[in-house]
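**Student:** Single-letter residue listing:
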Amino acid sequence: MLHRESGFYKTDYKSDMGLYRLPISRFAAFGMLVLFFAVAPLVLSEYHLTLLSLVAIAVVGALGLNILLGYTGQLSIGHAAFMSVGAYTAANLANNFDLPFLITLPAGGLMAAAVGVMVGVPSLRIKGVYLAIATLAAQFIIEWIINHSPSISGGVQASIEVDRPTLLGVKLDQPAELYYFLLIVAVIAIIATQNLIRSRIGRAFIAIRDQDIAAEIIGISVFKYKLYAFAISSFYAGVTGVLYTYYLGIASYEQFQLGVSIDYLAMIIIGGLGSVLGSVLGAFFVTLLPIGIRLAMEEIGTRFVEHDVLAQVISQLRQILFGVLIIVFLIVEPDGLNRLWINIRNYFRVWPFSY
Amino acid sequence: MLDAGAAKSSDTILTVANVAKSFGGVQAVNDVSLEVPRGSIYSIIGPNGAGKTSLVNMISGFYKADRGSIKLDGTELIGRRPSKIAELGVARTFQNIALFRGLTVLDNLMLGRHVRMKSGVLSCFAFWGPAQREEVEHRKRAEEIIDFLRITDLRRLNTGELAYGLQKRVELGRALALDPTLLLLDEPMAGMNQEEKEDMVRYVLDVNAEFGTTIVLIEHDMGVVMDISDYIAVLDQGVKIADGTPDRVKEDPAVIRAYLGASHLQDKV
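If you read the sequences in order, they're chains A and B.
To convert, take the position in the first sequence, counting from 1, and add 186; that gives my numbering.
To convert, take the position in the second sequence, counting from 1, and add 11; that gives my numbering.
Hints listed in this document are in silico derivations from the structure and should not be mistaken for laboratory results.
Just so you know, not all the hints are guaranteed correct.
Stated by the list, open to error - One-sided excerpt, in silico: chain A residues whose CB lies under 10 Å from chain B: (1) A378; (2) Q397; (3) I418; (4) R531.
Claimed, not checked - EDC-like cross-link-like pairs, simulated, lysine to aspartate or glutamate; straight-line CA separation at most 16 Å: (5) B:K208 - B:D190; (6) A:K410 - B:E98; (7) B:K151 - A:D202; (8) A:K200 - B:E145; (9) B:K151 - A:D198; (10) A:K200 - B:E148; (11) A:K313 - A:D198; (12) A:K196 - B:E154; (13) B:K82 - B:E145; (14) A:K200 - B:D84.
Since the structure is predicted, the reported quantities are computational estimates derived from the model, not experimental observations.
We treat Cβ as the ideally placed atom computed from N, Cα and C, and that holds for glycine.
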């Protein structure tokens, strides 16, 4: 059988460490690539492609936060602030020095990583709720600095307009072109994260999450690896910020306020802490939920409320549902959508037998 | 066991000199000195609260000694971070198991290899190439230890799912994966049944004999300690009251007093 371990014997360690250890998972991964690269742009409208583009951006940010919170166990409520660091870095570089995205993208990430390390330093001393407060402070401090430094934020309403990215002389200003650009970055981020997690550094992160004392005793410098986690997570956040900037055509601090940090926390809690697939599922879920709510409310909403307050209700409903969903997932399925998927998979792995 | 002790090389791997540690008003360890010969099994015994675990915690860098010196092959350990001490080849297990419960047995052992691996951030992101080669190379050593401890069938299980005795064994494996020159075992047999204890004793002896690892052992089971130790140090209320070969320690009046109480000694005398 294609989908069971039995019958597939690994004869060397290299193949045993593969990302996809069963043929079916390799097929599934390939199928997903075909679906998103070839099928989606053909069948979906421009509007739906822009939605998928937003999901692709969210995937990168959610992966970054999951590396920090899900894998290393360090809570951050300042993720959106790191995104804004990346966004403004790229916007300034692109506008003032006319640099292409191949440079501004990593530069935004690196600048965010540098800021992330600074914010991460307290994590060596404080844990849990106290670290959450420290990162919350970082969220407001970074926001304030950007907002009050004209040299960074460009003055008027602290927003900078940015041209669409160009690749080989082609300006990516069609939704489909932008979609491909964002999708490729998201795929690279997914694979890089999977690689990181199965290697030496990813294991060290998980060790710190599970037992920081034992981690130090077996030779993992908790000091160094916590800062690594903050740097890598912030790098992802910075890249996310750059992607938002190119996608929206504008860098604005309003795109990166506290609510966005909470959205990303919701993504990885709903999707699944400490899981790459969970980050992706969570990014889909949280990005598309508001759209789903709006569609549903436009269908049935007028039966409950007046038409002219509907828009208000929809935006409030989104916040309420997020709150409820986070609580429900924390209680019922703390491992999130990823665990639901694993349960389904385990069921079918032995199907039609019960075990 | 005396013969075995004499046959091993006689130089000292670990020298603890006049070490002291107090917590608030409590003097946990007071002016303790030990010399652990290379390749020996060196047991530290004593009643509860004698300062055994505190002493081991100072050796592994988890506590910082107030005074004194701890030298591994002439290198001062006091003041170094635990991770640096691990890099020098000191591994340990914990009294209450400290495995990484979210990871498989194999990953726990690979974490033991962490200090022997060198891949940086970029090669880990790329994985294919240098990082993969390094993983494969160190996986071999991890698998040797899995074979050695006969836990091949548990490789892919999360350590949180294992029975207590097996968790203790995996923790020993994780320490061994570091290829330590000095192995600190804090009550490796606590809470085990007779069979599990015998298994563990065999593994401790095998590690000592096969890898030549020096072992510092804290254990309450006197039968085990007297049987397998080359040397024993006895602590009581933070002070070393006796040391030497098992036969000498067994006869020491101070030891008998600490363990059995003064009145018993008087009856006996």
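**Student:** Each hint should be assessed against the structure and marked as holding or not.
**Tutor:** Going through the hints against the structure:
The interface hint given for A:A378 holds, since its Cβ lies 5 Å from the closest Cβ of chain B, which is under the 10 Å cut-off. The beta carbon of A:Q397 is positioned within 10 Å of a beta carbon in chain B (closest approach about 5 Å), and the interface hint is therefore held. Interface restraint check: A:I418 against chain B, minimum CB-CB distance 7 Å, threshold 10 Å, status holds. Given the 10 Å rule on beta carbons, the hint for A:R531 is violated: about 16 Å separates it from the nearest Cβ of chain B.
Simply put, B:K208 and B:D190 have alpha-carbon atoms about 23 Å apart, too far for the 16 Å limit, and the pair is violated. With a CA separation close to 15 Å, the supplied pair A:K410 and B:E98 stays within the 16 Å bound. Restraint check for B:K151 and A:D202: satisfied, since their Cα atoms lie roughly 12 Å apart, inside the 16 Å limit. A hinted pair counts as satisfied when its Cα atoms are at most 16 Å apart, and A:K200 with B:E145 qualifies at roughly 10 Å.
With a C-alpha separation of about 10 Å, the suggested pairing of B:K151 with A:D198 holds against the 16 Å cut-off. For the proposed pair A:K200 and B:E148, the alpha carbon gap of about 10 Å is at most 16 Å, so the pair holds. Proposed proximity of A:K313 and A:D198 is contradicted: the alpha carbons are some 41 Å apart, above 16 Å. With a C-alpha separation of about 14 Å, the suggested pairing of A:K196 with B:E154 holds against the 16 Å cut-off.
For the given pair, B:K82 sits about 32 Å from B:E145 by alpha-carbon distance, which is inconsistent with the 16 Å threshold. Of the pairs offered as hints, the one joining A:K200 and B:D84 is violated, with about 37 Å between alpha carbons and a cut-off of 16 Å exceeded.
In summary, the structure is inconsistent with hints 4, 5, 11, 13 and 14 from the numbered list given earlier, while agreeing with the others.
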